[in-house]
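Heads up: the sequence lines are chains Y and U, in that order.
My numbering puts the first residue of the first sequence at -1, with every later residue one more than the last.
My numbering puts the first residue of the second sequence at 56, with every later residue one more than the last.
Misleading hints may appear alongside valid ones.
[As the list claims (entries may be wrong)] Which chain Y residues face chain U? A few, computed with CB under 8 Å, are given here:
#, residue
1, Val28
2, Tyr102
3, Ala104
4, Asp105
5, Gly107
6, Leu129
7, Leu137
8, Val140
9, Tyr173
10, Met177
11, Val179
[Said to hold, decoys possible] Derived Cβ-Cβ restraints for the label pairs, each shown as a range:
#, chain 1, residue 1, chain 2, residue 2, range
12, U, Val88, Y, Ser174, 26 to 36 Å
13, Y, Arg147, U, Trp207, 52 to 62 Å
14, U, Leu307, Y, Pro42, 54 to 64 Å
15, Y, Thr38, U, Gly302, 48 to 58 Å
16, Y, Phe207, U, Phe212, 50 to 60 Å
17, U, Glu162, Y, Asp213, 31 to 41 Å
18, Y, Pro127, U, Ala297, 45 to 55 Å
[Unchecked claim] In silico negatives: residues of chain Y with every beta carbon more than 12 Å from chain U:
#, residue
19, Glu51
20, Gly113
21, Ala116
22, Gly300
23, Glu352
24, Ala367
25, Phe380
Since the hints were made in silico from the structure, they are not lab data.
All residues carry an ideal CB built from backbone N, CA and C; glycine is no exception.
The chain contents come next:
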Amino acid sequence: MILLLLMTIDARTGMELEPARDRSLTDRPVVVEVRGLEKTFRIPTHRVDSFKERATHPFRRIEYREDRVLRDVSFDVHQGEFFGIVGRNGSGKSTLLKIMSSIYRADRGRIRVAGRLAPFIELGVGFNPELSSRENVVLNGVMMGLGRREAAERLDAILDFAELREFADLKLKNYSSGMMVRLAFAAMVEADADIMLVDEVLAVGDAAFGQRCMDVFHARRRAGKTLVLVTHDMSTVESLCDRAMLIDDGEVRYLGDPGQTAMRYYRVNFAGTHGSAPIAEPSGIWDVNVQLTDAWLEGPGGERVTAVEERDPIRVQIVLEARRDLDTPVFAIHVFNEQGMPVFGFNRTLTLAEGESDRVAAGGRVRLAGEIENRLTPGRYFVHCYAARSREHGDIAMHQLRLFDFIVYGPERWKGSVRVEADVEATLEP
Amino acid sequence: MSDASLELRDVRGPSALGGGWRRAADLLYLIAVTEFRRSYLGTALGYVWSLARPLLLFGVLLLVFTKAFNLGERVNEYPVLLLFNIVLFGFFQEATVMAVGSIVAQEPVVRKTQFPRVVIPLAVVLTALFNLGVNLVVVFVFILAAGVDPTWTWLLFPVVAALLAVFTTAVAMAVSALNPRFRDTGIIWSVAVTALFYATPVLYPIELVGGTLGRLLALNPLAPLFELARKWVIDPEAPGPAAAAGGAVWLLIPAALFVAVCAFGIWIFNREAPRIAEVL
Chain Y
-1 MILLLLMTID
9 ARTGMELEPA
19 RDRSLTDRPV
29 VVEVRGLEKT
39 FRIPTHRVDS
49 FKERATHPFR
59 RIEYREDRVL
69 RDVSFDVHQG
79 EFFGIVGRNG
89 SGKSTLLKIM
99 SSIYRADRGR
109 IRVAGRLAPF
119 IELGVGFNPE
129 LSSRENVVLN
139 GVMMGLGRRE
149 AAERLDAILD
159 FAELREFADL
169 KLKNYSSGMM
179 VRLAFAAMVE
189 ADADIMLVDE
199 VLAVGDAAFG
209 QRCMDVFHAR
219 RRAGKTLVLV
229 THDMSTVESL
239 CDRAMLIDDG
249 EVRYLGDPGQ
259 TAMRYYRVNF
269 AGTHGSAPIA
279 EPSGIWDVNV
289 QLTDAWLEGP
299 GGERVTAVEE
309 RDPIRVQIVL
319 EARRDLDTPV
329 FAIHVFNEQG
339 MPVFGFNRTL
349 TLAEGESDRV
359 AAGGRVRLAG
369 EIENRLTPGR
379 YFVHCYAARS
389 REHGDIAMHQ
399 LRLFDFIVYG
409 PERWKGSVRV
419 EADVEATLEP
Chain U
56 MSDASLELRD
66 VRGPSALGGG
76 WRRAADLLYL
86 IAVTEFRRSY
96 LGTALGYVWS
106 LARPLLLFGV
116 LLLVFTKAFN
126 LGERVNEYPV
136 LLLFNIVLFG
146 FFQEATVMAV
156 GSIVAQEPVV
166 RKTQFPRVVI
176 PLAVVLTALF
186 NLGVNLVVVF
196 VFILAAGVDP
206 TWTWLLFPVV
216 AALLAVFTTA
226 VAMAVSALNP
236 RFRDTGIIWS
246 VAVTALFYAT
256 PVLYPIELVG
266 GTLGRLLALN
276 PLAPLFELAR
286 KWVIDPEAPG
296 PAAAAGGAVW
306 LLIPAALFVA
316 VCAFGIWIFN
326 REAPRIAEVL
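Generate the whole structure from the sequences, applying the supplied hints.
Here it is, written out as structure tokens:
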């Protein structure tokens, strides 16, 4: 039945569907059902936000710009599932979360939920610095939908979890930010919602805190709780989520395997950045030997891009102009990682046709173009080049020309800057 | 999780009472109590400050109206009546003026959590109501000290207080709901409430005005409440709202206005509540 439903969605929106990582999860009962959700924000082109303006321009028609942030969004989340929602800024994912949390109202569509749902859009929302943590925790619990008595009963557990028992009566304004985060997180965990909607909460705190979050989420999973996580941290999605959904421009673009979702996320994030503007600014970049005319990366269709998908070849195009006569020149291309460490490099001499001499006259142009095998792991890289005048006289290039930087995108699974094939096995020693 | 709790229920989106009565009541109680405790127990002077304003106003007005206008001779027990009225109107004024900006002030909470929106203005009213209770204790001490004899009608005073609280709540809901959309609501309301202060029989008993103006002032929905409070608590000889309005039939108009304001407050808040988070 569920499968059938999903297939109809597929046919309607043309979005891609793949089976979940853990098939048994989708056989579980649905706890969040979203159908045909639509949301349009009407943004007035000229904002009228006072009675005065209304009174002084009573007949002015207020014109609105319509911004459709969600278009026909439908999906199910099953009990005990960890469900990721990913998308770029402005893709509509936060609006979706706010509608699910009853903070915004949908224009059309339906959301049904089984059990108590608690949103965590930010840690410690509504904490009052003038109150003690004891008072704040109870208030927060009631805000989350607990009864007054229930909230008071959880107080001890929360203070213990946050390791703040001895500071229970201290006003929050006297807490350090670390203590505050601990308290807020403990309050969130102990709210004990059946369905937790979490928005980038993991982004705060240090690594130890992040680990703690993970431990808690795994414990929640064992307890059969459901988690809906909105994030742009793909490694979290891949390590934590059973299924994930990619939203772009208000539409569901993909729903299924988290790894695939992450890949597609990187694609919409970076593949859309092929502007036609030159990546490097040629003016002012010069060396005694050559100056840069133009340099760019090419996409598969010959368009200029600033990002390359993991494993896709890196297609470079570099045009240099000789500033003086170059005899037997050598051109070097070096690639550095974000930390400024060289990752690889290579040299080229002129490829000569029959009868051509191995020299470039002043003002002549040289093009370095072709594909580089892409062993780079996701990250940001810088391409530099330099030209030596003569390989026979051993000329030294004075300046390295900074050409451009580019992004390699893909799910982050690798250590270091390069991916290598390793024929290494681990076996038990007898 | 039992299977019973796996029944899917509609998420209806934000609203004035979204989350249910119980949650609204719990939240309201907690906020008002902590706020009250904070202002009274937190600082030694908290209580003094909350009384200082009405007492100071009282002192000035008493001087002006007894010395300059001789109201003290024409009205029975004028000083305590004035104090009593100022404290009652002070409640209305404090609650509604504080309510105007309350939702905008709570912006982060409104935009990031779900809870019954109506709690915000109601908490303001409830806190003001606590202040009123505390102030009334002092007022009643003054009343007794002035030599007013307690009568059984004192027991009826809570009815007036309740009606005043209902009216105040409705106005607080209306102005707090309008403010996110019309940011000058606060300015307009602070002027309006000052006008209302003079248009309500706070400084003067209504029967002293007389004529068309007196009839007009009697239409103010707050007027009968103040007249009732005066008759029941301070001066049993006072004409009372019906006589002041020129007949019981004339009371229908302020009563209708009272109901209309309450209905408007509830209607506008309900209408605005779902969109408040988006407007902020």
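Structure versus earlier hints - violations, ascending order: 4, 5, 9, 10, 11, 13, 14, 19, 20, 21
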